[in-house]
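Number of protein chains: 2
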Amino acid sequence: MTDTLITNTTLLPRAGADLLEHRYVTVRGTAISQIGPMAACPESSGWQVIDGTGRLLMPGLVNGHNHAAMTLFRGYADDLSLQDWLHHYIFPAEAAHVNPDMVYWCTTLAAAEMIRSGTTCVADGYFFSSHAARAFADAGMRAVVAHGIVDFPAPSVPDPADNIDTVARFIEQWQNVSPHITPGVFAHAPYTCSPKTLVQAKELAERCGVRFFIHIAESSGELQQIIEPQGDSPIKHLDGLQLLDKSTTCVHAVWLDEADLDIVAGSGAAVITCPQSNSKLASGIAPVQSMLDRGIPVGIGTDGCASNNSLDLFREMDLLAKINKFKTGKATAVAAAEVLGCATETGAAAIGLGHLGRIEPGAPADMILLDLARPHLTPLYNQDLLVYAASGNDVDSVIIDGTLVMHNKQILSIDVAEAMARVNSLATRLH
Amino acid sequence: MTDTLITNTTLLPRAGADLLEHRYVTVRGTAISQIGPMAACPESSGWQVIDGTGRLLMPGLVNGHNHAAMTLFRGYADDLSLQDWLHHYIFPAEAAHVNPDMVYWCTTLAAAEMIRSGTTCVADGYFFSSHAARAFADAGMRAVVAHGIVDFPAPSVPDPADNIDTVARFIEQWQNVSPHITPGVFAHAPYTCSPKTLVQAKELAERCGVRFFIHIAESSGELQQIIEPQGDSPIKHLDGLQLLDKSTTCVHAVWLDEADLDIVAGSGAAVITCPQSNSKLASGIAPVQSMLDRGIPVGIGTDGCASNNSLDLFREMDLLAKINKFKTGKATAVAAAEVLGCATETGAAAIGLGHLGRIEPGAPADMILLDLARPHLTPLYNQDLLVYAASGNDVDSVIIDGTLVMHNKQILSIDVAEAMARVNSLATRLH
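First to last, the protein sequences are chains A and B. Under the numbering used here, think of the first position of the first sequence as 1, with each following residue one higher. Under the numbering used here, think of the first position of the second sequence as 1, with each following residue one higher.
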């Protein structure tokens, strides 16, 4: 473990704070140790020094929802209705092509893409989750890896009767093993899991002390599908099954009425919104301003990149702010600083990692440096530009849990060329 | 003038075409001369050779609407209502800070940003237009530079009684002078120009044989403002004044009903849609699928970057496709290949330059090369990924009118560091 000194950087210590010029930041082990003006900067000897001149240091971004292995299906089928896309393209392709090797390499490619675009932490949900966890651990990326549960045969669970036991074994295997990897439970959705399965999945999560994730109220069609036990909305269905609490993350949450929003707020559950995926599949616009008004913790997810098609959270931030201005008819809605919060500390809390997302002494050192000397970031009046003009390509260096995993745009933890070659090779079978 | 040979590239000759592997393309003077498979590639001696291995060659993007000099106001005021933003921030800042030097350097910075993100041609509308034209000419960028007309004192036209004569002199000065610069007329809007001014501006454009641009139906508020001579919609107002024809470009066109769409389609006028600006200012979503269904030529514009805040047309393409899926409720709406057309040949036609936007022998050589060896562009099944995953940062090299203006991400025609320093210096006066 090398201790790191970042010199002379512009610092955004947390979303909504003022930009501070000419700062140094030190990292000892896995944690941020000191922050101050350059006048008080330590001598450089004994440190791994990163020159922050002309750069902005900010908390690493948190991708609250991904199916990372789906990089294989990026762009395989676009501009299709949700049902056509799922049943004629994605489900058959998954049945034929998802296996441990595919999950490892396609997740590795996703990790490379996320690290390059400034994401330091991700909540993933898929199958063969041990292989996804191994990929993130090898990449040095922080991840909540939640194993999927559905009531039909799935890639790593051929008999759905085994789904709870399979996930229990995965959690046991990965809990407290890697400092970067946190296992979790992902019950796919109320239209793919029976009430009994949902309750068992939540009980498993509670018993193991891990987070419970579920896709909910993604499309308008789902409003008709949930009829028991509560009758009139997907959120009320979850609430009736006592699935909503501070350890639950609701993914999508597009079709929520005022009563649903009050239920979620009262329960302490968090929401992950996926603006690009909800747009591309014409699912709708989640009422994020109404969530923020109620104090619901909202994070941002890319969803799997087959329905996006990018894992760049900067794109996601920009879209989140802009579509909520349509949704409300107000240009003041979901302002840039709020969006930055959703992509950092609030988003981290929404996946159960509330200690992340701030640059302060004692906090885990998950940080990114952006190159500011670029035409599209000139001039820089304030942090809003990170939402409305920056892109993942502006990220220059990435530190996760105190380790430098990307420097000057070179990823140090992954053989990116090999990951691309492996996924390209797998893709030739889909052409 | 150096003749150029691009070798071994993946070629997208025009929007909607198939991707062709292992192609060569030659440029003689300002035009594309030959295209073929590598087996038939000419010997390399005598050519400026660009290695296209691992790269995709496509037509340069056309930004159909910009106020390029507004880079000075990028991020100066965000998340505000249109009226608050205009009257309390932008108009006072423009009154205080717009001058010939500002227009030259801020337009130069915009040109650098556009070239870096793959835009080879722009339609600009602002004041002190000779200085904008000079900036684009110096940058080697193709531009339609349309001089603004309003009925109140403007930065380069202190007495509005001079507005038609001022623009006439600008057109005379720049017509047929630079091969890259085409002058034009920009009547700001029906709520800032009287019917008499609008008619005089259109007559000027006709007399000079240049294109007529106008902002129209941008926000819902405008629906109440246009009461004469036709009474019931901004488009009918323009139609009543006989301003709509094949030489007119309607910018924004958000609030059009079915009758308005039929009028525009029947007139032959073109539309430029500005998805990011219309989103950020909460103006609304233009009915682009309905325009395409009627055969209206639709191009894409960034608008000035104060209301965006980026001039990257790749961001604009992605958003155009996605918001129209919301607008229609259909994931099939405004598909990726259609969007690519709007950003290339259809967009060029929409600003009067219909000879641009295709890679074919005899066409002007406006082309861009993208680096494909990147995680977020892996795998590449088809051209949709250019809309849904690529960004301006993927652009590696740019040729405009046969001249290599960017190579391996280095802009050859502009001193980018000086442009950034100049604009940063101007920006200190606004802090």
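Warning: the hint list may mix true and false statements.
[As the list claims (entries may be wrong)] When the alpha-carbon atoms are kept at most 30 Å apart in a straight line, the in silico DSS-like pairs for lysine-lysine are as follows: (1) A:Lys246 / A:Lys236; (2) A:Lys236 / B:Lys236; (3) B:Lys327 / B:Lys236; (4) A:Lys236 / B:Lys327.
Think of the hints as simulated: they come from the structure by calculation, not from any bench.
We went through each hint and held it up to the structure:
1. Simply put, lysine 246 of chain A and lysine 236 of chain A have alpha-carbon atoms about 16 Å apart, close enough for the 30 Å limit, and the pair holds.
2. With a C-alpha separation of about 48 Å, the suggested pairing of lysine 236 of chain A with lysine 236 of chain B is violated against the 30 Å cut-off.
3. Between lysine 327 of chain B and lysine 236 of chain B the alpha-carbon distance is near 23 Å, which keeps this suggested pair within the 30 Å criterion.
4. Restraint check for lysine 236 of chain A and lysine 327 of chain B: satisfied, since their Cα atoms lie roughly 28 Å apart, inside the 30 Å limit.
This entry does not satisfy hint 2, going by the numbered hints stated previously; all others are met.
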